[in-house]
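Asks: Heads up: the sequence lines are chains A and B, in that order.
In terms of my numbering, the first sequence is residues 21 to 176.
In terms of my numbering, the second sequence is residues 58 to 844.
Treat the hints as calculated values from the structure; they're not laboratory data.
You may find that some hints are simply not true.
Examples of chain A residues lying across from chain B (beta carbon under 10 angstroms, computed) [unchecked claim]: (1) GLN37; (2) ALA38; (3) ASP52; (4) ARG55; (5) THR59; (6) ALA70; (7) PHE75; (8) PHE86; (9) ASP105; (10) HIS119; (11) TYR125; (12) PRO128; (13) VAL131; (14) GLU148; (15) VAL169.
Positions of the beta carbon are idealized from the N, C-alpha and C atoms, including for glycine.
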Amino acid sequence: MSERIAISVTVNGVVRQAEVEPRLNLADFLRDHLRLTGTHIGCEHGVCGACTILFDGATARSCLMFAVQADGHAVTTIEGVASPDGTLHPIQAALSAHHGLQCGYCTPGVVITLLELQRERDGTPIQETELRHALSGHLCRCTGYQGIVDAALDVL
Amino acid sequence: MAFEYAPVPLMNTPAPLFGQSIRRLEDDALLRGKGRYIADIALPGMLHATFLRSAVAHGRLLSIDVSAAEALPGVHRVFTYADLRPSLTCDRIPLAMPSGAIRFDVDPYVLAKDEVCHVGEPIALVIADSRAIAEDAFGLIGVEIESLPAIVDPRLGLADGAPQARLDCKDNLVARMTAQYGDADHAFAHAAHVVDAQFHLHKGGGHSIETRGVVARFDAEERLLTLWDSTQMPHQAKRMLVKTLGLDESQIRVIAPDVGGGFGPKFVFHPEELAIAAAAMLMRAPIRWIEDRLENFTATTQERDQYWQISAAADADGRLLGIRGRLIHDHGAYTPYGVALPYNSATNLLGPYVLPNYRLDISLCLTNLIPATPTRGAGRPQGTFVMERLLDRLARKTGLDRAEIRRRNLISPDQMPYRTGLTTRDGGAMIYDSGDYVESQRRALNFAQWDDFETRRQAARKEGRYLGIGLANYVEGSGRGPFESASVRIGPSGKIVVTTGAAAQGQGTVTMLAQLVADVLGVRPETINVIAGDTAASPLGLGAFASRQAVTAGNAAHRAASIVREKILQVASSWMEVSAEDLELADGRVRIKGAPQMGRTFAEIAGALDGMPGYALPAGTSPGLAAANDYQPSALTYCNGTHVAEAEVDPATGVVRLTRYTVVHDCGRLINPMLVDGQVIGGVVHGIGSTLYEMMIFGEDGQPQTGTYADYLLPTADVVPRIAVHHMESPTNLNPLGIKGAGESGTIAASAAVTAAVEDALREFGVEIGELPITPSRLFALLKAAR
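Assemble the whole structure, with the sequences as input and the hints as a guide.
Replies: Below is the structure:
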């Protein structure tokens with residue numbers, strides 16, 4: 021397993037180059053190699069959604085991808101969501117205002133999914149049922165989802 | 058469906074903050090991905106650990122050969138029990154809580170010694186340069202195990218001639234006890250109505266989205282072991298490490314960093330916590346172990362099965378005369394928690410009702426499964442479920458409305474405080490301190506439009522839909538002792554630092570404590586630094602369990618802050634030559650009322666109380682602007698509430714969809730209603746999971762068949778209803794703040810209310826549900842049998 025492959029990934033707008041083992045998954049690459057630890061690992065089998073990132077603008081489970089698959093692609097993680105001046109994104113602010121997070125472990129993945137949803141909706145209001153369906157790929161054990169739903173309804 | 062629930066968190070506003078939904082201080086870092094969870098901690102020179110675990114439920118461990126694994130490049134060491142034992146003071150981890158009912162010593166080993174008793178039990182610990190290499194080594198470890206018969210069903214485990222779940226215990230009855238008062242048999246002999254029922258209640262795991270994990274570092278120069286631990290109980294972990302490693306209290310520090318959910322299992326000190334600590338001392342290198350999800354299914358304690366045979370007796374008016382029966386409880390293979398789980402079930406069965414006579418015989422059976430320990434609700438939901446289902450069956454038998462039969466049996470407010478016939482598990486009287494249970498039910502029925510339900514049912518029925526409604530009342534003893542610690546300290550920097558033995562896993566403990574202290578000291582909560590979950594910050598502490606931290610740590614912090622406030626006033630009064638009554642605290646200063654420019658900063662006062670060599674302290678005070686308090690609750694304080702659920706059931710498929718959910722919740726005075734709502738709603742959804750989705754399945758050989766979230770279903774956003782929470786505030790006089798716990802109460806009534814709604818939706822089929830969770834296949838089978 022000593023073979024290493026050179027990759028170049030644009031992460032939160034910055035080109036990052038590394039040599040990685042082929043078996044290294046993208047979540048571990050972001051967390052352990054780039055020290056972007058906001059992307060969390062909850063199940064490593066693609067169900068819980070905590071590791072969700074934007075991959076070329078679309079949500080993806082970083083635990084189900086290899087780092088080498090990201091070569092030449094662009095990744096956005098939770099660390100790249102707030103404005104450069106530190107202002108929270110409205111989705112992040114709404115989650116706090118509606119108590120949409122408790123332990124915070126699932127939160128980065130939820131934020132990323134809501135970012136994609138917001139872009140897709142492009143200002144078209146969303147019904148609660150539809151929103152809940154969109155969030156159904158995230159497991160949250162703390163909130164019962166209601167604060168997350170209320171935050172999203174507020175912003176989307 | 059329009060509910061009035063609309064949390065409107067307010068921005069920080071001037072005191073009093075008590076009772077206001079201020080936003081959480083924890084949120085900002087967590088929202089940016091700047092939390093610091095256990096897997097985010099990376100130390101220089103850190104090595105990685107994995108555990109080779111038993112693949113069989115029961116067996117004799119004959120031999121382990123680690124030589125090939127240790128030869129693999131990147132592997133530093135493979136530890137077995139024999140390797141670690143010389144570093145330990147004892148063979149087993151002395152976990153068992155004191156209980157005279159426990160017959161055998163079934164404390165766990167750090168790694169399996171000569172017998173494995175459940176799938177997932179750790180056998181060997183691999184230390185390597187990376188986790189991947191450590192996992193590569195698994196295949197090179199030679200383990201020889203002679204398979205033995207496994208006990209999976211506790212009913213079979215208690216049968217005559219059953220195989221032993223553990224070779225060192227002559228039978229499987231690990232504990233037996235009886236909860237009783239009055240004369241149940243006499244009550245049954247004189248009853249107008251009797252109902253008999255059998256229930257198989259399954260409750261799942263904690264399933265925090267962050268698994269467990271440990272990072273250990275031993276500094277040989279200072280002889281200091283630091284353990285970062287994703288735990289609810291850092292002080293308990295430290296106590297266990299002191300006992301087992303032979304270090305003294307000054308040589309161990311345990312830190313719970315940001316913890317990604319607890320829900321019970323992180324209360325338990327697991328063998329991995331000791332193994333990683335011992336290995337870090339032996340290796341002289343920092344070591345990190347992060348549990349993967351499969352390990353979480355097989356090696357993290359979980360709550361599981363109870364089998365009830367139970368009967369209720371009532372008079373002609375539907376008033377309860379007695380309940381009697383038997384509970385068989387699946388205990389698992391070891392005892393990390395004593396008998397608390399089934400005892401909570403037995404005591405919480407009483408609920409908010411007058412029950413004159415009671416006898417429950419409880420048998421705890423050893424099984425070859427991971428130990429059963431509390432998850433959110435901790436056995437109470439099962440007790441509540443049994444009582445509420447018995448009341449519904451009595452309602453059917455007597456012809457009374459389900460709400461009416463409850464109303465007739467509820468403890469009335471003029472009976473408060475109400476002493477039940479039972480004792481709590483520490484032997485104290487079980488006394489309900491305050492609450493208006495009748496009003497709670499009345500309000501819940503009103504909010505849920507119970508009286509109009511038949512109209513909704515009929516309208517749905519005309520569309521071919523089957524709607525049902527269910528009701529459940531509950532109590533929960535909260536704020537368990539013996540104590541919790543907090544200190545409030547201001548140094549010459551002027552920074553207010555609150556430390557506590559409490560530990561947080563998402564409850565908002567930091568905000569709650571800052572809110573209480575900010576009120577007392579007249580500052581904004583965000584200016585306060587709260588340190589929780591670090592044994593170096595608080596010499597004493599317990600941690601998170603039993604819905605207790607607002608009650609215990611909240612009162613401790615409030616008391617400590619009040620002492621600091623008095624000291625500030627005393628010094629300022631002396632310095633400024635004004636009476637303390639003419640002073641006020643605001644914005645980090647003490648100042649003269651009506652002349653706010655005349656004042657002193659906390660920093661100045663703290664600086665003076667820090668002392669100058671050879672000079673007296675001002676105003677005859679004691680040194681330091683600080684106070685500590687260990688708050689000791691005199692008894693449990695009982696919160697209560699009522700849940701009403703509405704469900705739609707598809708008889709063709711057995712699929713249940715929850716359509717409405719109403720909660721009336723009374724936990725005394727609310728410190729931060731938004732946080733309490735979050736606890737209640739999260740708790741209800743946990744209960745919905747136990748009722749409809751979560752099922753840990755084992756084969757007859759003890760092999761887990763649900764090891765992913767594709768097999769084991771947690772509730773998701775699309776299947777849970779909007780939950781309307783309404784508060785009552787019956788203060789308790791058991792603590793100065795009048796508060797009660799709220800962490801688990803949401804879970805306690807959910808199974809009962811949802812099951813009632815499902816049964817009610819199918820009432821024309823006469824379906825009686827005796828088994829949780831209510832999966833579509835189970836419900837379909839019941840419907841098929843009923844037709």
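Asks: Now look at each hint and say whether the structure bears it out.
Replies: Status of each hint after checking the structure:
| no. | hint | result |
| --- | --- | --- |
| 1 | GLN37 | 20 angstroms, violated |
| 2 | ALA38 | 15 angstroms, violated |
| 3 | ASP52 | 7 angstroms, holds |
| 4 | ARG55 | 8 angstroms, holds |
| 5 | THR59 | 7 angstroms, holds |
| 6 | ALA70 | 6 angstroms, holds |
| 7 | PHE75 | 17 angstroms, violated |
| 8 | PHE86 | 12 angstroms, violated |
| 9 | ASP105 | 13 angstroms, violated |
| 10 | HIS119 | 5 angstroms, holds |
| 11 | TYR125 | 3 angstroms, holds |
| 12 | PRO128 | 5 angstroms, holds |
| 13 | VAL131 | 7 angstroms, holds |
| 14 | GLU148 | 8 angstroms, holds |
| 15 | VAL169 | 6 angstroms, holds |
Violated hints for the displayed structure, listed by number in ascending order: 1, 2, 7, 8, 9.
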